[in-house]
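S.K.: Now for the letters of each chain:
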Amino acid sequence: MVQTEHGGNSGFFGIAGRLITTWALLGGGVLLLVVAVNMASIIGSMFGKPFPGDFELTEMGVAVSVFAFLPYCQLTGANVSADIFTAAASKRVIAFLTLLGSLVALGFASLLIWRMYLGMMDQKEYEYTTTILQIPHWMAFVPILISLALLALAAFVTLSRDLTALSKG
Amino acid sequence: MTDAVLLGLGGLIVLVVLIGIRIPIAYAMILVGGVGTMMLNGPALVFSQLKTLAYGQFSIYDLSVVPMFVLMGAIASKTGLSQALFRGANAWLGWLRGGTAMAAIAGCAGFGAVCGSSLATASTMGKVALPELRRYNYSGALATGTLAAGGVLGILIPPSVVLIIYAIIVEANIVTMFMAAFLPGMLAVVLFLLTIAIYVAIWPESGPKGGKADRTEFIEATMGMIPVLIIFGLVIGGIYLGFFNPTPAAAVGVFLVLLFGILQRNLTWSGFVAALKETASTSGMIYLIILGAELLKIFMSRVGLPQEMAAWMAGSGLEPMTVLILLLVALILLGCLMDSLSMILLVIPFFWPVLVDINGGIYQGAEGAGFGMSTEDLKIWFGILALIVVELGLITPPVGMNVFVISSLARDTPMIETFKGVAPFFGAELVRVVLLVSFPALTLWLPHFLS
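Sequence lines, in order, name chains A and B. The first sequence begins at 1 in the numbering used here and counts up by one. The second sequence begins at 1001 in the numbering used here and counts up by one.
So that you can see chain B by itself, here it is in the shape it has in the complex (with noise of 0.2 Å):
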């Protein structure tokens, strides 16, 4: 091992210590990026670079659909459109026992569809639809552990901001993870309904049957779901068949938001600015993150830690399945700890070049490669996968944040029951991520057949 191994290695323990003792990320990969790199090549480099380095990195053409997508998910929030959303689900699916929470999941996979993060999608249908559970008398588990794993379906179902900085990572085009996203996003929602299918089935008091809607209320609830509907339509089915780049469909689907709650008279000036408010803390938030993982990965590069992993990774004989699911298990174990965005940005530069070196490097075909596909293929896959299971940590103790927000809007029921009351979903994300990682066709299919 060299010395500017050991020196990236002891950078990643000084990193790891000032994360848990509650250093910003951000400033952590800052820190340790910048002055890893001063230690190594002299503190000339780090100066010139820091010259346009933060410029550059935040006026990324790619990365610019990642504050208009907050901004359209921030919006959408504030406009009552997650309201018809889930009036018209629960008018096609309230009548059935444990529907009013089927109809939950289904508003959040349709408010997931113009928003790209879980938090926003839980807490904005946890304020619509728990309410109405309670109405129809669902136990608190039920209720709770719905919407909190429902919350996941937002990042899960394009547009998706970690997925955007997944594919600017591992340099793999963001339609194309889009297209890839969609079916497995589907799965889970199938997945999850299924879920309160046999959870009511073996407690039939948990979820009581609605009342079945009339023939106008019907209608009326239906008709209004048809502008979310028109906004996916526009913005996620005009990037998946090239009518746009993702930063102008973003900008369309900001548009379309903000114009749905003007008409609809639901947006205020105080929730707009709010919304703006929302948009900045979470974009500067992301932005410096990712500022602070270039820095970390100057410095990384540098020192060559990446390449020595892989490569020791890849001389360790292992089965290519077998460190697919080590890294797979060891990025679950993380997501109980971080945050998603932060870990896919620490993280994914460690374990994409070791996949790579496994398959046979970055060009390799699909013939004679270690999992069988293309490494252009590997990299789709791999980052579905990634994707979902970081997303586990929000639903599973000790920071499942989820949890957390669905918690605070629901204050008599006790955090254990909606952890309890969230396990089966958990159960159903497992058993999702074993059918992906069983067929890769389900992943891969929908960017094979529209490209």
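Isolated chain A, as found in the complex (with noise of 0.2 Å):
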């Protein structure tokens, strides 16, 4: 179920599905940037000058692209579930069950953030970099941790929205 955009219209709500939406489309960015280095690549090795680490710049785009989508995913309610079983229930019963999805998504997105800001530091201690074009693997973690404190930032969006509907009833 797609969900609006903008978690309610009060202020911090709006401003907040606002920011998602905006670092979403700037993960789409770094994906159509992705799409360009791909295409100078063909049309380099098409003259005979490839284009050196196209493919590190294709896996690193891609992971910080899509790190990018997740807040917006959790926004919109995009990521699936099998509504089936409990397509009888009542609007209280799925307002908390999706609370309890919130809740693991908010989890989650936490853990993740500090486990993955020690990884960040691992890749910058041991200075590990791509092959060809030397990049450090760190700098892909920085967009990267944004994503999942924006990450964590939707899911705390949608649980105060289950939240309200729950009392409400």
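In case anyone wonders, no lab produced these hints; they're calculated from the structure. Each hint can be trusted.
Per the computed footprint, the stretches of chain A lying under chain B, defined by three or more beta-carbons under 8 Å from a beta-carbon of chain B, are: (1) 71 to 77; (2) 113 to 121.
Straight line, CA to CA, 30 Å or less: simulated DSS-like cross-link-like pairs of lysine-lysine: (3) B:Lys1127 to B:Lys1420; (4) B:Lys1127 to B:Lys1209; (5) A:Lys168 to A:Lys91; (6) B:Lys1297 to A:Lys124; (7) B:Lys1127 to B:Lys1277; (8) B:Lys1277 to A:Lys91.
Note that the coordinates shown come from a computational prediction; the quantities given were computed from them, not determined experimentally. Glycine included, C-beta positions come from ideal geometry on N, C-alpha and C.
Could you use the hints to bring the two separately framed chains together as a complex?
M.R.: Written as structure tokens, this is what we have:
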């Protein structure tokens, strides 16, 4: 079930919604850049000038852009669930169950922020880079951590939305 | 049975319960996989894996083709490409009895060639073809049934997101899978067209003849299909002939579809933004499920459940074909409850080892194999069969998503009529599965020929 993007009309939720949507569109922009890199690589190799490192740019770019999509998915309820077994349940029950889903999302986002922050520190400490262009991997973790923070925010927004639905019954 | 296997079985049960109570499937897998591994090996292992696991999964090169094909399909649906396709097909087929419905099927097949999703194909072609079908007084059942069924072609004709995921799970070559899907996809088109022909032969009033296109309309409409042929030829043809890998090919596809939209002046800024948002929801959802499936896979392979099940099935003394049919039936039944992608990610890691075991191991050649073909061929063949049966859930009750989408476009046709209209196509799909099971060459010939 796809819900409205801006979780509620009130100030905070409205701003959060716009922020998350904009971030997802930026992620889309990164994906378009990946498309451009691949086009450049094809055209380059036609004229005997292959684009070095198109593989690793693709890998890194897609990872960064997909992480940026996650908060938007949470906000709009794009993550698929099987609704068939609870189709007959009351609105209250369903609000409670979606609340559980939001809680799991919030918990997972928080856990990943913690773990991937440490992951970034590891990458920095051991100076891991991509093979050809020598791009440090930790750089990709910076936008990813922002995405995860926004995922936590999105989960918080859906959580409050579920709570409101639950209290209204 | 060891304690570990019991823990695995317990995990599966919890997973089913969580999915049953509407926890998003991706999060249910993450929860069971993560907590399960923690219970088995302690939290330290999971915590250290989580530092890089998600980044590692999201940056797999073979997967990068998925968001790009999603983007290509999303943009294509905003460019008027579907109108051009339908108009062209209608100029060729519209004068026949049931011809406008046939044109809708052909349009779906054409759109499926640039889009890897069933729902997008159904809704995009539905918007274009439903008004026309109504104009020619087609019965609601035939009109909506045709489009709901036609949507399935979106996933059967390459590019196909589900097929890419399958290829990654069983470590098959994506290019080979795309080649293998081509003839079965064409077979689906032929069988669907035949279904319509038989349908209107029995109930002539349900699909009247449309107008015959005059010469100028015929030529213009035919010319209108050329861009799609070029895009499909360059993208999929380029992959088949080995000009480029799937990812650069998808990039070419995105570029060409954008170019087409801009040149035709059909792609608006808001349409473009909507396409990006659609790409965000679809790709984000897919990748989160992939991450969940990976966590679940780590847990399951540590407890050894898939191996245990494979050994048990192999030792059960059932004929290989019986096992295959049982697995396909299980997929059809599960398909009625879950979306196809989650199902492939959830079930194939269990089913595939069973088939490998029965066939005689991963390096088994055709000689003496359980299915009379090498395990490499079995991988391709089973992938196509699985792809077809999981998609059947889209057109069957209780959660026939394609039917829901078309129903929401055709409010005046009750959903029950749409399910009735789609039933003959479901029959055609079963015929196709039987054909593909009986004649593996239908699937395997093209990849063998091209490689």
